[in-house]
Each structure stands twice: as structure tokens, then as C-alpha cells.
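Number of protein chains: 2
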Amino acid sequence: IGECWVFGVKKPFTEVIKANIGDAHAMGQKPITFLRQVLALCAYPDLLDDNKFPDDSKQRARRILEACGGHSIGAYSSSQGIECIRQDVARYIEKRDDGISSDPDNIYLATGASDAIVTMLKLLVCGKGRDRTGVMISIPQYPLYSAALADLAAVQINYYLDEDKCWSLDIAELKRAVTAARQHCNPRVICIINPGNPTGQVQSRQCIEDVIRFAKEEHLFLMADEVYQDNVYAEGCKFHSFKRVLFEMGPEYSTTVEMASFHSTSKCYMGECGFRGGYMEVINMDPEVKAQLTKLVSVRLCPPVPGQALLDLVVNPPQPDEPSYDKFMKERTAVLAALAEKAGLTEQIFNTVPGITCNPVQGAMYTFPRITLPQKAIDKAKAEGQVPDMFYCMKLLEEEGICLVPGSGFGQREGTFHFRMTILPPTEKLKFVLQKISDFHIRFTQEFS
Amino acid sequence: IGECWVFGVKKPFTEVIKANIGDAHAMGQKPITFLRQVLALCAYPDLLDDNKFPDDSKQRARRILEACGGHSIGAYSSSQGIECIRQDVARYIEKRDDGISSDPDNIYLATGASDAIVTMLKLLVCGKGRDRTGVMISIPQYPLYSAALADLAAVQINYYLDEDKCWSLDIAELKRAVTAARQHCNPRVICIINPGNPTGQVQSRQCIEDVIRFAKEEHLFLMADEVYQDNVYAEGCKFHSFKRVLFEMGPEYSTTVEMASFHSTSKCYMGECGFRGGYMEVINMDPEVKAQLTKLVSVRLCPPVPGQALLDLVVNPPQPDEPSYDKFMKERTAVLAALAEKAGLTEQIFNTVPGITCNPVQGAMYTFPRITLPQKAIDKAKAEGQVPDMFYCMKLLEEEGICLVPGSGFGQREGTFHFRMTILPPTEKLKFVLQKISDFHIRFTQEFS
Ligand SMILES: Cc1ncc(COP(=O)(O)O)c(C=O)c1O
Ligand SMILES: Cc1ncc(COP(=O)(O)O)c(C=O)c1O
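Taken in order, these protein sequences are the chains called S and B. Using the working numbering, read the first sequence as starting at 26 and increasing by one per residue. Using the working numbering, read the second sequence as starting at 26 and increasing by one per residue.
Here chain S stands alone, though its shape is the one from the complex (with noise of 0.2 Å):
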């Protein structure tokens, strides 16, 4: 206690900070308490008499339950998951994009996002050779994305994003990317994180049009990983679904382009990771591909129940005229409210530091700012056959005990250098955090010049 060990050498500091998971409850968010109540009452029924718990928890347990076999979130579910908890997706995403309607079969539950997108990636890939699926993903990217194509052998396609453009997303680049993959793969599939992972921008409505209208030209399907939904935080941002905007755009592009949208319990402001709750929406989905997919499904039997019934509270939650209500909104405030305040913050304290260029976060839960390296440090770290950012990040640990990833984990333009921070850290800690890495950062750049 008060003692810190890092590879068996004991430290001048007391713990590691892990600043390097998207794991809210990990960094020390509460969970919110009506979502909690409602599934205590889910695992124990006999708490329905305890009136310690307010009527609209009881009640939701009460609705859970029933759609449960044998009234037991211990009974499998459908495949696809319960179906009134598909009926309650359907309606969060009507609500959210506007009346724009939304059909329980489109809904498939999953054991979090991840299980939906490997699941769709999955169903996608196919061919040998030239024919290979190939799969657009930006660089950066969140990992699971290259491990995932890696497993099915289809073709990672990188497109970059514009870091001197807060990271957007530029059709110039995205059409580069396709037209020198066609030489060797089969384009299939685009994916897109927005907000997005690691890099924390937020895709305008027009950048969202373009990439449809991209992706109908070059006939892919649009894999929209939209798990940060209610993570935006800068003045000006706001969250568009490509949902939305495909129907907006009229019949010629909502009745043709196919389409997948992924969610999650994880994020947001309820970061329920543990739980893995998650679901995906397809949208224009050929009959028989859907029929494979509602196959591939089948055979791990069903998503998680509890993390099922979770993802129904958040697209379900209490409303203005009921007893939760003004207590949840109370904490869910607050959790925005935070991030917003550090994602400022983190962006304030980072473009103070010289060798350090930080784009404002403007939604998820990261910061990926750019790192100038002297070239001392990265000749050393290449004689010590390391990544030069991961050097950086592992003396780092060493010296400060915060845990960070290096760009490299991600994708990142040859030679330029970067980190992911969460922004997750209580404000007090993270402002520590912060301080800690400007100095360190000043304190490598002179060790190394």
C-alpha cells in the first residue's frame, strides 16, 4: 500500500494510473443507479416486495421478466434477442432519428458491439485471392477491426484521416484508398467509427452525405460504429446517424444502400463494459444474406440475458413522469457534464506543451494528440528494436506510472508519433495525469536532444 512496483523496481509513485482503456467504471464512474436497481430486481425476484426500490425500477424488472422463458433472466433467449427488448430498440431509434422507422426484425442483439461487428465482418468476408473481401477502415483505427479481418484473411483497405482537418474524414482519400485496392481485392465493406476511436472527432452532416453517396457509388456496404452516440462535447458538434441521414437523403440512397449500425451498453454515459450489451440495426439487407446472418447467430445460442435487459433500460429509460426520473437525469448530467469538462481540459493543458499538438476532443472519450520525437530518442529506441512511440509510452510507465498506448497500436501516418489518453480519469486525477505526462514529455525531449 503506497508502495508501487513496475517491472520488480519500486517507484516514486504510489499507483499506475491505466489512462489507456475506454473502462469507465474502471477509472471510478459510478453506475447509474436506476439501471442497477432494475437489474438487482431482475436477479432476485423477491426484491419485488422490498419497497426500498421505487415503482418504475419494479415495473421495468416486472416487463424484463415476463418476456423472459420461465420468468428467469436465466432462461436463454431467442438468438436474436427478446424480442420486446428489439421492440424497445426500434423505438430509441425512431425517437432518435426523428420518426424515421425502424422494424424489431432489423434488430439483432449481441454480446456488445463487438460480437456485432465481428459477426458482421464475419458474414461479409468471403472470395480467395483477388477476389478477397477487402474492408475500408481508417488509420487510425480501434483494434478490434484489424485483429477481426486479420482472423477472416480479407483485405484491411486504410483510409486516413485528416489530422490537420480534426481528424475528418476526406471522400479525396476515401476514393484513393478504393481505387488502389482494386488492383488486388474485391471492395465490399466501409467502416466508419463516428465519434470516433482513438481520435475523438465528430463527423458533420456533410461528410456523413458524402460518405453514402461514396459508398453507394462504389457499392459497399457502410458498417456505422456508432457505440459514442451520446459522446459529443464540442460547441457546434453534434451526433448525425448515418441512419438518419441515409433516409434523408431520399429513396435513391435509403432503399439501396445496405447498411449496419452498431451500439452498445459500454459507452455513453452509462459505460456498463462488464455487462457486454450491445446491439446492431441492418438496413437494407438482402433477404437471403439476412437469413445467413440470423443462421451465424444462432449457434452460440443467445446474447448474455442481464446485459440484454441492461441495453433495455438505456434505450428505455425512465421518463418525466415517473419516480426515477429526476434522479437519473441527475447522474447522467453529471457524467456528460465531466467528460465535456475534461475533454476541454485535456485539449487546453496538452497545446500548452512545445512538441505536443492536440485536435479538440470533440465526442468519445479519447485524446490522440501528436508527439514530436527527437531523433536521438527514436534511433535509440530503434536500436532497442522498439516502436519509437511505444519507447516513449513505456518510460512513461516507468517513470510516472500512467499507462497509455501508443499510436502505433492504432495506425498513424509513417513517421509521425502519437499516444491515446482517456479522458476517463476524475477530473482532479486527470488534471494530474496531464501535468504529469507535459513534464515528462519536456523532460524526454531535452534527455534525448
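Hint data in this document are derived by calculation from the structure and do not stem from the laboratory. We put the CB at the ideal spot given by N, CA and C, even for glycine. It is possible that some hints are incorrect.
Stated by the list, open to error - With a cut-off of at most 30 Å between alpha-carbon atoms, the simulated DSBU-like pairs for lysine-lysine come out as follows:
(1) S:Lys315 - B:Lys147
(2) B:Lys83 - S:Lys43
(3) S:Lys153 - B:Lys147
(4) S:Lys352 - B:Lys77
(5) S:Lys83 - B:Lys55
(6) B:Lys55 - B:Lys352
(7) B:Lys83 - S:Lys355
(8) S:Lys407 - S:Lys35
(9) B:Lys241 - B:Lys320
(10) S:Lys43 - B:Lys320
(11) B:Lys315 - S:Lys147
(12) B:Lys200 - B:Lys153
(13) B:Lys83 - S:Lys77
(14) S:Lys241 - S:Lys153
Claimed, not checked - Here are the computed distance ranges between Cβ atoms for each label pair:
(15) S:Asp74 - B:Pro276: 55 to 61 Å
(16) S:Thr452 - B:His244: 54 to 60 Å
(17) B:Lys355 - S:Phe457: 49 to 55 Å
(18) S:Glu423 - B:Gly275: 45 to 51 Å
(19) S:Thr377 - B:Gln344: 56 to 62 Å
(20) B:Lys355 - S:Val412: 57 to 63 Å
(21) B:Gly261 - S:Gln317: 42 to 48 Å
(22) B:Arg155 - S:Asn183: 35 to 41 Å
(23) S:Asp74 - B:Gly275: 54 to 60 Å
Following the hints, position chain B with the ligands against chain S.
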């Protein structure tokens, strides 16, 4: 209410009885109090102050929460599963196997046994053409295996269980199957389910030894699906774990035969399917392959934490000196005693019906009786483009509202017909179902004679 419609037609029965899936809670089995109390405490730790909960349930919940990031089951765990739970699993295995040691590093927690089985197959399958991996599975089989193998483009090598000898496994049949398969693929894996699904047999110690010897001789990786390890009912039958037998055969075997064993929270006395808890233990796995496995499981982040917590309680149940012990044992014993009674009833009643022959349900949760179908029924089914036992089951569903799975869904010897029924309905309902099926069988036989 009180009316039942199948395929748009009003039926003479008032409910459809689903005796087709091994889903205990869906069939009315009540959750074990202790398990659910701890899960509720983990979900909503405010309840730790509630004096309604016994101390041992609180102490378990505290211990689990302390092992979670930020003390919340809403945090991701490590991909292999929470360390202290893997330790508890290892201790459980050691106790079960009378002291044979188990290393927590060899335990991988999973999203149900399904996930672990699919992951392991994926890890072991490779090659193309005549080098394609062959995987031996029993016929009748649990369809997860054939689906996963088809998905991985592996070669399924069937070995037939001996219906005349209580569905036992015959080494000569294994030899026949592997020898034939070596002509066109590379047999690398043998899968065994013990106690068996759908066939309900429990393997003798001798048989397990023979299988292990066979695996060693043929250089096969042994996958032992032991999810029904507590479900043994027949007099003279006992569960022998493959691991224990392997180690009792001495170092010639225990240090060479590669093996994985699977367990789950879905079966036994708890029947908690919805939580998707499970684990596998790997033994003698090549370190490089194990590193691959560790990488493979990391793609999807982690198994659901509530399922991990539940598994922890299953492997570390209340002890005699703890306040929950008596109630826990009473509930557990009641479930297992009822299953044993129903296993006996099922065999007994079916064997009174001419045209139904039923092996003893020694273990697991199913009976797989053989049915004699009149030639006219077989012809009629074929004329309608249906497999004969599917024709039979559909007719049973329409006329009696009882849902079974035709034997063809599991594989059976050419020209034989079966169905699978679970023994999970409550005793009185099971008696009713057995009587209805018996009457139906006699009527069906008369109708087509
Ligand atoms: C962009 C993105 N997609 C998907 C996921 C996976 O989320 P889940 O926990 O729902 O599997 C994450 C998790 O960090 C993510 O950042
Ligand atoms: C033999 C066998 N293995 C594995 C499973 C899968 O169990 P789980 O729910 O843990 O995925 C089942 C489920 O019925 C089974 O019968």
C-alpha cells in the same frame, strides 16, 4: 388464454410444451437463492447494507467486487477472465479430481461453454484440401459442433455411438472412423460429450481410458465437453473427468496428451443459461498455441462479468459452516433428485410403448428414444419432402402441442429414427407429456399401418 393456435389453426390443447431445449428455467425450475442473492448484491452494492441478505452472500459479493475494475461488475475484466475467479475454478477442479493440480493460467473463462468450444475449434482448425483439419464428433451429436465445423470449413469425422449398448463409445468404431478419414483429411481433434447430449449416457472409467489411449496413439487433441458433470442419475454410474483419468494413467499420458475440458453455468443443478458463464481448462497445450489462444480471446475484450461472477459461486458454493449452506444444499438436492426421478420415469414409461425403445437416461437432461415408423409414414413424409422423424415431430406438435427435436437434427444411423426430449418439465407435467407422446405414437402407428 386457455386457447392455443398452431399454424393459424385453433388447437385442442391449451399450451405448447417445449420439451426441445435444455433450458431449465424456461421449464419452470426456480433459480438457486444463494446464487441470485450474490448476483443482486454485485449488481446493486447498496444492498450490502441490507440485513435481509445472509453474511456469506455479502462476503462473496464483496470479494467479487474487489476483484473487479473500480469494484464494479460494469468494468471489463481481463480477456481470460477475472484472476481470482480463475483461481477458484482451479481449486474447484483440484477438489473434484481429488487433488490433481490445476493451474489458474490454464483456465479461460468464456461466454458460456459454446464460446469456449467454438474458440478452441477455431484455434485447432487449419489447412486446405487433403490437409484440412478433421474433427471427430459423436453421432448423435450436439449441433453446436457440426455448425462450428461447417463454419470453419473443417472436415467433420463421424463416429457412431452404440445404441444397443446404452449409447456407449466403442474404440473399434473410433479406429474405423479415423482410418477412413485419413484418406482425405488430417484428423487432429476428437470431441467427446460426457454425460452425453442428446443421448444421456455416462461413460465408464474404462471407456475414458480407452479414448485417452486412442487420442495419444492417433495424436489427437482431446476436447471433453463436461457441462453435465453434476447430472448423473443412474445407479452404478459416476462422473469421471477426463483430466482425472488422464493423470491417473501416469506421466506417459498426463504429460503428453493435449486436452481441453469445458464446463458451464447452464446445466447441472443451477441451469443458469441466460448468464452465459463457462470456462475451459487446457492441459499440455504447446506454449505457442496457448499464446495464440490468449490472443484470440482478447479480440472480443472479455466474457460477460455477471456470468463470471455466477461461475465463481458455482465453483465455490456455500460451505457447511456458512449460513447459506443448508438452504443451498436443500435446493440443489431437490433439483438433482427431481431430475433423477424424471430420468427413471422417462425410461420406464417410454419402454412400455410398442415401437419406442429407450435407453436409460444415465445422465445429462435428455432422452433420445428410437421410434419405429411404419413404412407408409416414411413414404408419406418423403412424398411431402420431409425427413420422416421431422414429419412425426410436426404431427405431434400439431396434434398435442408438444415440441420435440427430430433425431435427424443430431444425426443417427441410416434407416433409424429418434427424437430428443428433455426431462426438464416438472414431474407432473412430464408424466402428462410422456403419456401424450405414448398415446400419439400408438395412434400414429395405427394411422399409417
Ligand atoms: C469504436 C468502438 N467500437 C466498439 C467497441 C466495443 O464495445 P463493446 O464493449 O460493446 O463490445 C468499442 C470499445 O471500446 C469501441 O471503442
Ligand atoms: C453438450 C453441450 N455443450 C455445450 C453446451 C452449451 O452450453 P452454454 O450455455 O454454456 O453455452 C450445451 C448446451 O446445451 C450442451 O448441451
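Here's how the hints hold up against the structure:
Note on Lys315 of chain S and Lys147 of chain B: the hinted pairing holds, with a Cα-Cα distance of about 24 Å set against a maximum of 30 Å. Distance restraint check for Lys83 of chain B and Lys43 of chain S: the Cα-Cα separation of roughly 29 Å lies within the 30 Å cut-off, and the hinted pair is therefore satisfied. Restraint check: the Cα-Cα separation between Lys153 of chain S and Lys147 of chain B comes to about 19 Å, which is no more than 30 Å; the hinted pair holds. This hinted pair checks out: Lys352 of chain S and Lys77 of chain B have alpha carbons roughly 25 Å apart, not beyond 30 Å.
The straight-line distance between the Cα atoms of Lys83 of chain S and Lys55 of chain B is roughly 20 Å, inside the 30 Å bound, and the hint therefore holds. For the proposed pair Lys55 of chain B and Lys352 of chain B, the alpha carbon gap of about 13 Å is at most 30 Å, so the pair holds. Taking the CA atoms of Lys83 of chain B and Lys355 of chain S, the gap is about 29 Å. The hint holds against a cut of 30 Å. At most 30 Å may separate the alpha-carbon atoms for a hinted pair to count; Lys407 of chain S and Lys35 of chain S meet this at roughly 27 Å.
Taken as a hint, the Lys241 of chain B and Lys320 of chain B pair is honoured in the structure, with Cα atoms around 27 Å apart against an allowance of 30 Å. The straight-line distance between the Cα atoms of Lys43 of chain S and Lys320 of chain B is roughly 21 Å, inside the 30 Å bound, and the hint therefore holds. For the suggested pair Lys315 of chain B and Lys147 of chain S, the alpha carbons sit about 24 Å apart, so the restraint of at most 30 Å is met. Distance check on the hinted pair: Lys200 of chain B and Lys153 of chain B sit about 23 Å apart at the alpha-carbon level, within 30 Å; holds.
Proposed proximity of Lys83 of chain B and Lys77 of chain S is supported: the alpha carbons are some 18 Å apart, at most 30 Å. Distance restraint check for Lys241 of chain S and Lys153 of chain S: the Cα-Cα separation of roughly 24 Å lies within the 30 Å cut-off, and the hinted pair is therefore satisfied. Judged by the Cβ atoms, the range 55 to 61 Å given for Asp74 of chain S and Pro276 of chain B holds: they are separated by roughly 58 Å. A hinted range of 54 to 60 Å for the beta carbons of Thr452 of chain S and His244 of chain B is consistent with their spacing of about 59 Å.
Distance hint for Lys355 of chain B and Phe457 of chain S: a CB-CB separation of about 53 Å, consistent with the stated range 49 to 55 Å. Take Glu423 of chain S and Gly275 of chain B: their Cβ atoms lie about 47 Å apart, and the range 45 to 51 Å holds. Checked against the hint of 56 to 62 Å, the pair Thr377 of chain S and Gln344 of chain B passes, with Cβ atoms roughly 58 Å apart. For Lys355 of chain B and Val412 of chain S, the hinted distance range of 57 to 63 Å is satisfied, since their beta carbons lie about 59 Å from each other.
Hint check: Gly261 of chain B to Gln317 of chain S, Cβ distance near 47 Å, so the stated range 42 to 48 Å holds. Between Arg155 of chain B and Asn183 of chain S the CB atoms are about 36 Å apart, so this pair conforms to the stated range of 35 to 41 Å. For Asp74 of chain S and Gly275 of chain B, the hinted distance range of 54 to 60 Å is satisfied, since their beta carbons lie about 57 Å from each other.
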